[in-house]
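Asks: Below are the chains, spelled out letter by letter.
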Amino acid sequence: MSKKITIEPITRVEGHGKVTIKLDDQNNIEQTRLHIVEFRGFERFVQGRPYWEAPVLVQRLCGICPVSHHLAAAKALDVIVGAGTGKGLTPTGEKMRRLMHYGQFFQSHALHFFHLSSPDFLFGFDADPEMRNVVALTRSEEFRELAIQGVMMRKFGQEVIRLTAGKKIHGTGAIPGGINKNLSPEERDFLLKGDDPLNARKMVEWAQSAVDLFKDYYKKNREFVDHFSRFPSNHLSLVRDDGALDIYHGLLKAVDSEGRVIFDNVDYQEYLDFIGEEVRSWSYMKFPFIKSLGKEKGWYRVGPLARLNTCDFIPSPQAQKEFEIFKDHTGGKPNNFCLHTHWARLIETLYAAEMIKELLEDPDLQGNDLVTKGEKKKEGVGLIEAPRGTLFHHYSINDNDLIDMANLIVSTTNNNEPMNRAVNYVAKARMTGKEKITEPMMNAVEVVIRAYDPCLSCATHALGKMPLEMELLDVDGKLIDYKRSRQ
Amino acid sequence: MIYGYGNPGLQDDGLGNELVSRLDEWITGNRSAGIVFDSNYQLNIEDAHAMRGKEIVVFIDATVDERVGDMMVTRVEPDSKVEFTMHSVSPSFVLNLCRNIYNENPATYLVHIRGYKWEFLEAMTPGAGENLNKAIDFFKEALSFPDISGIKGFFDKYSNQLN
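Listed in order, the protein sequences are those of chains A and B. At position 149 of the first sequence the residue is numbered 149 (this note's numbering), and the sequence of numbers has no breaks. At position 52 of the second sequence the residue is numbered 52 (this note's numbering), and the sequence of numbers has no breaks.
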């Protein structure tokens, strides 16, 4: 008689997630599935609204990464108002948006590492759940300073967003064709020369320390980190036209697990020629794939690991040095170790901090030429590398300037298949042949999902808080065992 | 500090933000010394820093929980429970962080305001609007006390427990 284990919901993951693991008579893993409830009504909701409202409207989607949606929508509308993509904006317009985006990236990555993932590393994946959280860090003599750094890095990133987006909620900074404010000298000095620790120099220093912390952990736990979950995949991201990491703008590039180029230099206005979306009966969330490889082989990863696998270099000195160490580990080939996503995320955190500091010293931020307009178009696509991966916004408008079509592919949707593969890998490695499912086994499944930092906040608030539950069911759905942990 | 959180783009979810906005407007013409307002989509770890140096902190959030009636005040105690989602955290969690990091433990309350719908709309439901008005009147009365101890006593007097 086969059995089915359900882990629901996933803790420390944004959104409502449920894992089901089906065992056969010998307790071998028969099937694993990660179900995530994704809200997709938004694409219908924006239809009929004036196009210029979109950058603000889309922030209703997510209180976690509103800046990513704000900027992706603005980039799509740049095309519609005739400002084009990339260098089509004025220097002040583009650099203000970049600063906003780096601020968002910095605070998001810092939150993930210091408060979602580091407790697993610092206290151990098998530690008591009561110990695997950030409050335990603050209680620890050894790690208390780390917790404080995490708090202040988040705060600094939030301040960057506030000063570039104009306000904390429903920011209006990015508008079709540009930006609606520059950065005053006072605002610049606040971020650049503020009292310690809230200044760009300190943020670079702390970001470097975080990379060093991970490398030190890795040196002592290499076997565990490398073998926790590893499987070949394709990787996709935006890359600057010279091959550099660029999280704000670039051309689409995809490579396979060996680094062979699947496509490169793709203008994302043509993304539909390269990316398809599959619907599966058991999940609300779609499964994107690379069309030339088909549904079976065309799935890909996005996010920190994918970005460092597709780019050739990082255009900031300290992060580039770390990138070289990271690449050396796999002999320059793509890295397919799931837990190395944390390493990649920290290198990107350092990159974001360095870019913030560099931008703050650029006088273009005080410019007054904020908006570009050109020949209007009926359709536009905006892509951005959100903290969790590539984010697609696609709109078309009618003759009355009202949106008549919207298509969004969010980062977590892009990572749907890789997350499912990762769950399968860990479940097989940890649960095969076991009579009892223990809390550390459950956490192992969650750890590998958390590496992708999935985010579906738009589905969460009304659903409320729920504990982690695991149900062991037989093939007929009869409850055999039940586990409830945390909260 | 009076801190409302929620997403105003999701109908009644924005009750806390709206209360802060309207109270901030009202207080400008009345008294403002020593009162700090803040508002965001959700609470997060950096809010432990915002709580630093405050004597009283009042969070305001919308809720679907009908046990609160129209609105309810509860006292917030430090708690380290792991949240279902840690991309946002609870008032108890933020207070606990503040206590552990800064050794400060301000009197902290959560005002729950009942909401009814969470759709992609700016406008709140009429029922939520009525509850918001009651909450604003409650705050105006609290802030009529001339000193911190009076305000704290008022919140303590009306604090309940959600069972």
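Keep in mind that the hints are not guaranteed to be accurate.
Cross-link-like lysine-lysine pairs, in silico, DSS-like; alpha carbons within 25 Å at most [what the hints assert, rightly or not]: (1) B:K54 - A:K167; (2) A:K87 - A:K219; (3) B:K117 - A:K168; (4) A:K321 - A:K220; (5) A:K202 - A:K167; (6) A:K87 - A:K202; (7) B:K54 - A:K168; (8) B:K134 - B:K117; (9) A:K297 - A:K22.
It should be emphasised that the hints constitute simulated quantities derived from the structure, not laboratory data.
Asks: Hint by hint, which ones does this structure get wrong, listed from lowest number up?
Replies: Violated: hints 2, 6.
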